[in-house]
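K.L.:
Taking full-length UniProt numbering, I'd label the letters of the sequence shown as residues 1 to 411.
Worth flagging that the hints you see were computed from the coordinates, not collected in a lab. Just so it is clear, the structure is predicted and the values come from calculations on it, not from any experiment. Keep in mind that a hint or two might mislead.
Claimed, not checked - The following label-pair restraints were derived from C-beta to C-beta distances:
(1) Leu7 x Leu100: 23 to 31 Å
(2) Arg304 x Leu221: 36 to 44 Å
(3) Ala211 x Leu300: 41 to 49 Å
(4) Leu48 x Glu193: 50 to 58 Å
For glycine and all other residues, C-beta sits at the position ideal for the given N, C-alpha and C.
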Amino acid sequence: MYALLALLALGLLLAVHELGHLVAARLLGLRVPRFSLGFGPPLLSFRLLGTEYVIAAIPLGASATIHGMNPHAPGPPADAKSYRDQRPWRRVLVTLSGSLANYLLALGILFALYTSGTHVVVPLTVGTVVPGSEAARAQLLPGDRILSVDGQPTKSWSDFVEVIARSPGQDRTLIVTRDGETRVVQVRPRADERGAGRIGVSQQYVFRQHAGTEALTQALLHTRRVAIEGVNLLVRMVRGPDPLEEPTSSVTVMRQSSDAASSGWDSFLRVLVTISVALALVHLLPVPGLDGGRLVFLALESARGKPISPHVETLAHTVGFLAMTGAILAVAAAEVRHALSPSPPPPAPLAAAPPPPLPDAGVPPPPPLDGGLPAVPTPPPPVPDAGTAAGPLTKPDGGPLPADGGAANTG
Numbered sequence: 001m002y003a004l005l006a007l008l009a010l011g012l013l014l015a016v017h018e019l020g021h022l023v024a025a026r027l028l029g030l031r032v033p034r035f036s037l038g039f040g041p042p043l044l045s046f047r048l049l050g051t052e053y054v055i056a057a058i059p060l061g062a063s064a065t066i067h068g069m070n071p072h073a074p075g076p077p078a079d080a081k082s083y084r085d086q087r088p089w090r091r092v093l094v095t096l097s098g099s100l101a102n103y104l105l106a107l108g109i110l111f112a113l114y115t116s117g118t119h120v121v122v123p124l125t126v127g128t129v130v131p132g133s134e135a136a137r138a139q140l141l142p143g144d145r146i147l148s149v150d151g152q153p154t155k156s157w158s159d160f161v162e163v164i165a166r167s168p169g170q171d172r173t174l175i176v177t178r179d180g181e182t183r184v185v186q187v188r189p190r191a192d193e194r195g196a197g198r199i200g201v202s203q204q205y206v207f208r209q210h211a212g213t214e215a216l217t218q219a220l221l222h223t224r225r226v227a228i229e230g231v232n233l234l235v236r237m238v239r240g241p242d243p244l245e246e247p248t249s250s251v252t253v254m255r256q257s258s259d260a261a262s263s264g265w266d267s268f269l270r271v272l273v274t275i276s277v278a279l280a281l282v283h284l285l286p287v288p289g290l291d292g293g294r295l296v297f298l299a300l301e302s303a304r305g306k307p308i309s310p311h312v313e314t315l316a317h318t319v320g321f322l323a324m325t326g327a328i329l330a331v332a333a334a335e336v337r338h339a340l341s342p343s344p345p346p347p348a349p350l351a352a353a354p355p356p357p358l359p360d361a362g363v364p365p366p367p368p369l370d371g372g373l374p375a376v377p378t379p380p381p382p383v384p385d386a387g388t389a390a391g392p393l394t395k396p397d398g399g400p401l402p403a404d405g406g407a408a409n410t411g
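Construct the complete structure from the given sequences, taking the supplied hints into account.
P.N.:
Shown next as structure tokens:
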């Protein structure tokens with residue numbers, strides 16, 4: 001049930017992208033002979049304003065056929081309704097409209113969430129601590145705000161998760177604040193089945209409703225964070241695979257969407273926002289076969305003062321499409337192998353260790369029996385306070401909060 005919902009949602013996001021191209025082309029007076037929702041044998045078709053609309057049997061994706069976008073398609077030498085006979089800036093608008101549609105959809109979903117009420121993160125604040133985890137052994141508590149790791153200020157929860165993930169079996173010193181008091185905690189992340197370090201904590205959320213202007217501001221900031229993390233992910237993928245990161249493929253997207261759907265609409269819509277922004281970014285990559293590749297050819301055409309050879313452009317788009325298809329299949333195969341490989345046995349519990357000595361405060365006393373943590377006599381330099389909330393937060397019915405659809409929130 002949830003997997004089917006995730007499949008339909010992914011198909012909807014792809015359809016929105018193609019609808020963006022369709023709307024832009026029609027607004028600029030271009031002819032769009034056909035728009036297909038899905039692939040495979042047609043189940044239903046009708047004509048409207050010169051365009052044939054088709055609903056196909058496989059509801060995954062869509063395609064908008066814009067007259068003149070295929071360099072080898074037959075047509076008159078000059079056609080005012082053809083894509084290839086438009087000025088470069090008009091072709092740029094049509095090409096960018098798909099990614100713009102995905103971004104506007106993400107913005108609209110977030111605006112609706114923030115105005116109706118949603119769970120927002122409390123920056124760098126622990127929400128839950130898994131019993132028996134390394135965080136529980138180190139006596140971290142919900143409501144603790146993380147200031148630094150090994151003396152390096154922590155800028156975001158994603159940075160904290162990344163540092164922990166790269167430190168399995170290594171001692172890490174955390175500086176946290178609790179009830180206005182600065183404390184020191186030593187943790188040793190345990191390796192999970194992929195070898196990434198985890199200490200067993202998740203970020204804290206609070207339920208809030210936002211007014212119209214504030215909701216729009218939060219939606220813009222949210223999409224900005226998602227876009228930045230997406231760009232960083234693409235950069236890491238270009239640099240080379242990271243064994244600590246889960247391979248990202250359509251299989252991963254489907255599984256994450258299905259998991260989010262089973263967690264509730266809030267989480268599911270957040271995942272859709274992340275995927276929609278990711279689709280907008282991926283289509284803008286300067287790779288032949290994508291919208292970004294078309295923009296590269298438009299830039300070359302403007303620089304040369306004459307069109308690129310149709311044979312060269314077609315060959316480049318074909319090679320680019322085949323390369324992308326191969327990469328997607330390779331990543332999907334790697335994830336399938338990872339899912340079918342046996343998981344290693346869980347690591348043995350770590351023995352409790354006293355906090356490490358501080359450079360300017362000597363050796364602190366051992367942890368008290370009442371579960372408290374030793375206070376740091378000289379607190380570190382203050383960091384900008386983005387707001388905290390004391391203690392964990394649950395829904396009014398006492399259930400757990402849903403996971404965020406954006407970046408990973410566990411460490």
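K.L.:
If a hint holds in the structure, say so; if it does not, say that too.
P.N.:
To see whether the hints hold, each was checked on the structure:
Distance hint check for Leu7 and Leu100: the Cβ-Cβ separation is about 25 Å, which falls inside the suggested range of 23 to 31 Å. Evaluation of the 36 to 44 Å hint for Arg304 and Leu221 yields a pass: the beta carbon distance comes to about 41 Å. Ala211 and Leu300 have their C-beta atoms about 47 Å apart, which keeps the hinted 41 to 49 Å range intact. A beta carbon spacing of about 52 Å between Leu48 and Glu193 agrees with the range 50 to 58 Å that was offered as a hint.
Hint compliance for this structure: every hint is met.
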